[in-house]
Amino acid sequence: MPNIQTNKLFWASCMALLVTSLSFGIRAGMMGQLANEFQLNATQLGTITATAFWGFPLAIIIGGFIVDAVGMKRLLVAAFVFHLAGIALTIFAQGYWSLFLSTLLIGIANGTVEAACNPLVATLFPENKTTKLNHFHLWFPGGIVIGTLVVTLFVKVGLSWQWQVAAMLLPTLVYGFLFSRLDFPKTERVTSGYSTSDMYRAVLSPLFIFMFICMFGTAITELFTGQWIGLLLKNVTDNALLLLTLTTGIMVIGRAFAEPVVHKLAPQGVLLLSAIFAASGLYMLSTLTGSSIFLAAIVFGIGVCYFWPTMIGFVAENIPGSGALGLNLMGGAGMFAVSIYTVFMGSFYDKLIVKHLPAGADLKVYSKASEGSLLAQDLNEAKNMAGPEILQATLVIPLILVLAFTGLLLYMRSRKIRAAKSLHAI
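Numbering-wise, UniProt numbering puts 320 at position 320 of the sequence shown, and it's gapless, one number per residue.
By construction, these hints were calculated from the structure, which means they are not laboratory data.
There may be inaccurate statements among the hints.
[Unchecked claim] Calculated cross-link-like contacts (lysine-lysine; reagent style PhoX-like; alpha-carbon spacing at most 20 Å):
| no. | residue 1 | residue 2 |
| --- | --- | --- |
| 1 | 8 | 73 |
| 2 | 186 | 8 |
| 3 | 73 | 264 |
| 4 | 156 | 73 |
Kindly produce the complete structure, drawing on both the sequences and the hints.
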């Protein structure tokens with residue numbers, strides 16, 4: 001039974017992850033505002049968005065290597081400082097480069113939070129890792145829901161995007177205060193007696209490398225689509241931002257009730273069903289229009305709901321010797337893949353828009369056209385066609401994951417049978 005100290009550490013971790021997710025939700029909601037105020041094209045927006053994903057893997061991988069030595073508490077103090085600096089610089093941003101740097105700082109803060117909190121949760125709940133990691137990670141989509149609603153509310157009442165960013169200050173100060181007053185345990189790898197050489201052998205095992213590669217696909221499917229859904233579908237529906245809110249709302253509910261699902265299907269079964277639903281939802285998002293697109297968002301939300309925490313939980317349960325480094329390499333792999341993919345698809349999106357404009361069109365000229373003009377109408381029509389094409393290109397990724405996780409399910413089943421036979425022989 002968890003004690004009071006364990007529960008306090010868990011809820012403080014959830015508050016830190018809430019700040020991480022607010023940074024995603026609020027930034028996703030104000031992408032259009034930033035584009036208009038600073039005259040940014042899709043490539044520049046893609047680069048700024050990707051910067052958060054660059055800082056994240058940088059911090060989480062470095063954190064994975066040093067967390068056993070410096071302790072989880074010191075990492076979270078560093079995360080608090082980076083969050084404050086990134087938020088302040090965003091509020092006072094003057095253009096592309098200040099947005100770039102502020103997003104990088106917030107990305108580093110976000111990665112540092114996960115570098116400390118993923119192993120912390122696994123250490124606090126050694127008998128129920130995957131379920132508690134799902135409960136912890138429900139605050140990521142939860143924060144995105146809150147963030148998008150904050151953006152919607154602030155826009156309606158006429159408050160600027162600077163006020164939207166400032167909304168992150170309160171939970172940041174709260175988690176900084178909570179962690180400063182709590183004592184932290186040593187990581188599970190250290191207390192379980194796994195040596196550093198055991199850890200490195202574990203992260204070089206074929207099973208870990210397979211999961212590491214699969215993390216590329218699960219992260220891109222979830223996070224790229226979530227960050228860009230408002231931009232890609234804003235001309236397909238008048239409520240594109242609400243699609244993100246609906247999808248992440250489904251993720252909150254799913255992760256909150258993860259325990260019976262994980263216990264019934266095992267992590268590998270959950271991952272296979274997730275890939276099937278994610279592929280179906282992404283296809284529906286790229287083809288449906290009108291009110292039916294909200295059904296697509298629900299299916300997609302069910303699909304990506306368990307990806308991130310269950311990938312990390314699978315490693316924690318089945319490759320325990322990898323320790324904090326293994327968990328953090330998984331998170332770093334996911335965010336790094338999203339950063340590369342986001343930059344590539346931002347440029348690809350611009351090219352698709354140009355393809356759907358009249359021959360010889362200059363995208364910069366069309367982007368500066370006044371609203372309601374013929375040029376603006378042509379641009380909207382081009383975006384209307386280009387957005388779903390981006391989603392269709394991304395659909396290949398969850399389809400590959402369906403095959404990969406089918407193989408994983410069969411492998412884990414055969415391993416369980418072999419283990420049972422060995423035990424019976426003894």
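Hint by hint, here is what the structure shows:
1. 8 / 73: Roughly 14 Å separates the two Cα atoms, so the pair holds.
2. 186 / 8: holds (16 Å)
3. 73 / 264: Outside the cut-off at roughly 35 Å; violated.
4. 156 / 73: Judged against 20 Å, a Cα distance of about 39 Å means the pair is violated.
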